[in-house]
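K.L.:
So the sequence lines, in the order shown, correspond to chains A and B.
For reference, each letter of the first sequence is one residue, going 11 to 252 in my numbering.
For reference, each letter of the second sequence is one residue, going 11 to 252 in my numbering.
Worth flagging that the hints you see were computed from the coordinates, not collected in a lab.
Any given hint could turn out to be false.
Same chains, same label: a pair holds when it works inside one copy or across any pair of copies.
EDC-like, lysine to aspartate or glutamate: derived pairs with alpha carbons at most 16 Å apart [what the hints assert, rightly or not]:
1) 66 <-> 137
2) 66 <-> 167
3) 140 <-> 97
4) 157 <-> 172
5) 140 <-> 251
6) 140 <-> 61
Number of protein chains: 2
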Amino acid sequence: MIYELYYWPGIQGRGEFVRLALEDGGADYVDVALVPEEQGGGVPAIQRYLDGDDIKRPPFAPPFLKAGRQLIGQTPNILLFLGGRLDLAPRDSAGRLWAHQLQLTLADFIVEIHDTHHPIGSGLYYEQQKPAAQRRTRDFLANRVPKFLGYFERVLERNATDGPGMVGNRVTYVDLSMAQVIAGLRYAFPNASREALRTRPRLRTLHDAVFARPRIKRYVASGRRLAFNNDDLFRRYPELDA
Amino acid sequence: MIYELYYWPGIQGRGEFVRLALEDGGADYVDVALVPEEQGGGVPAIQRYLDGDDIKRPPFAPPFLKAGRQLIGQTPNILLFLGGRLDLAPRDSAGRLWAHQLQLTLADFIVEIHDTHHPIGSGLYYEQQKPAAQRRTRDFLANRVPKFLGYFERVLERNATDGPGMVGNRVTYVDLSMAQVIAGLRYAFPNASREALRTRPRLRTLHDAVFARPRIKRYVASGRRLAFNNDDLFRRYPELDA
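In isolation and in its complexed conformation, chain A is listed as follows:
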């Protein structure tokens, strides 16, 4: 099966959580936005599924994944689907729900990370909401980061006798996503995240272990992984990283 990933070009965004799973799982996939428009790719290929009148089950937004005739949207839902197929999820149903639960908690965290620079409206520029962004970020770094990272560190700790990751005895897609969130936080808030990770050694170790995995290393080295940038989910505005 050749999977088709549909996600906006030029940013890692939420698509990157799916890419990391596809890469680590050794899946064959096409990143459709990177295919030339003349060959049916690019942004029009994405719009076609979002806006086409003949799409019976349209996704609300990218990323979405085409697997045969199935079209699957919402990042955690895509990972739920791929987890079993790419051997990146627990094999028992209780473990799968637990992994998905953690992924949904990460998704909540990701919304809050995004909203630090866009607290008023996602359709407005950062420059149109700077004072609100500063207040929101202050609250986020003081209260939300410790709450989320403290929770995930605890999850790692309680699973430590079973395995190296967050769930069960093997690396799952949740670990890949967690490592990506840590990388993103370090990009966006180098000072605050150094401070927040100082007391969370398991999260630091998990990040390093994920980015040392052979297929992830190969993916990063390939140049196909985009750099973090300020049109993306994780943004570095020094004034926010006080």
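For chain A, the structure is supplied; the task is to place chain B on it using the hints.
P.N.:
Using the frame of chain A, we list chain B on its own:
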């Protein structure tokens, strides 16, 4: 099986999406926060799972559901679990993923609804963030409500030849949640939601059909369904409903 639902007392909140499924599915369940503390209920029973050192797979936040020995957190995950058991989900796996995808899109919408009154920090009072709340709500009502409701109306329309709800040929938990979101929007923003629903007849019909279902009617009539209030997810601040 007697399910145990753990959710903060005094508000509908995210717990209500689970309650509607349990009620409509005719499940036996205990709303643990309503059980007296002396009998092992109340808020301490919730805290026990959030904070207990011996909880191997702790939830991040309520609601969570105990089903036998399994503890399941995150509203859409709980509904994914219950959907099949309560006959409130499609029977095929592609349909289940699609229902879950819609539920996750509703979850995104719910975060944005909440953040209209809390754009800066969930730990602060509304009164501490009123100007930001007004700006965020203006953007929400102008751009986000039409985008989300337009999407869900379209989903209903494209499924209309198959069934009365959003997915397949039967009512699912997604329909129950959608109806609850409409009820909440009407409470929070009576003017803006009248306007927004004027051109979305299928959503209005879905809302009425859900609240006319015998078990839902019985639940509402029982007095067990709490009223919407301003400590909750959906809040009515007239100054925001311009």
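K.L.:
Quick one: residue 140 to residue 61, C-alpha cut-off 16 Å, is that within a copy, between copies, both, or neither?
P.N.:
Classified as neither: same-chain Cα gap 33 Å, cross-chain 36 Å, threshold 16 Å.
K.L.:
Under a CA distance limit of 16 Å, which applies to residue 140 and residue 251: within one copy, between copies, both, or neither?
P.N.:
within (13 Å within a copy, 24 Å between copies)
K.L.:
When no copy is named, should residue 157 and residue 172 be tagged within, between, both, or neither for a Cα gap of at most 16 Å?
P.N.:
neither (24 Å within a copy, 44 Å between copies)
K.L.:
Could you place residue 66 and residue 137 in one of the four classes (within, between, both, neither) given a Cα distance threshold of 16 Å?
P.N.:
So residue 66 and residue 137 fail the 16 Å test inside a copy (38 Å) and across (44 Å) alike.
K.L.:
State whether the alpha carbon distance between residue 140 and residue 97 is at most 16 Å within one copy, between copies, both, or neither.
P.N.:
neither (43 Å within a copy, 48 Å between copies)
K.L.:
For residue 66 and residue 167, with the copy left unspecified, which applies at a CA distance of at most 16 Å: within, between, both, or neither?
P.N.:
Cα proximity of residue 66 and residue 167: across copies only (9 Å, versus 44 Å in one copy).
Hints 1, 3, 4 and 6, counting from the list given before, are not met by this structure.
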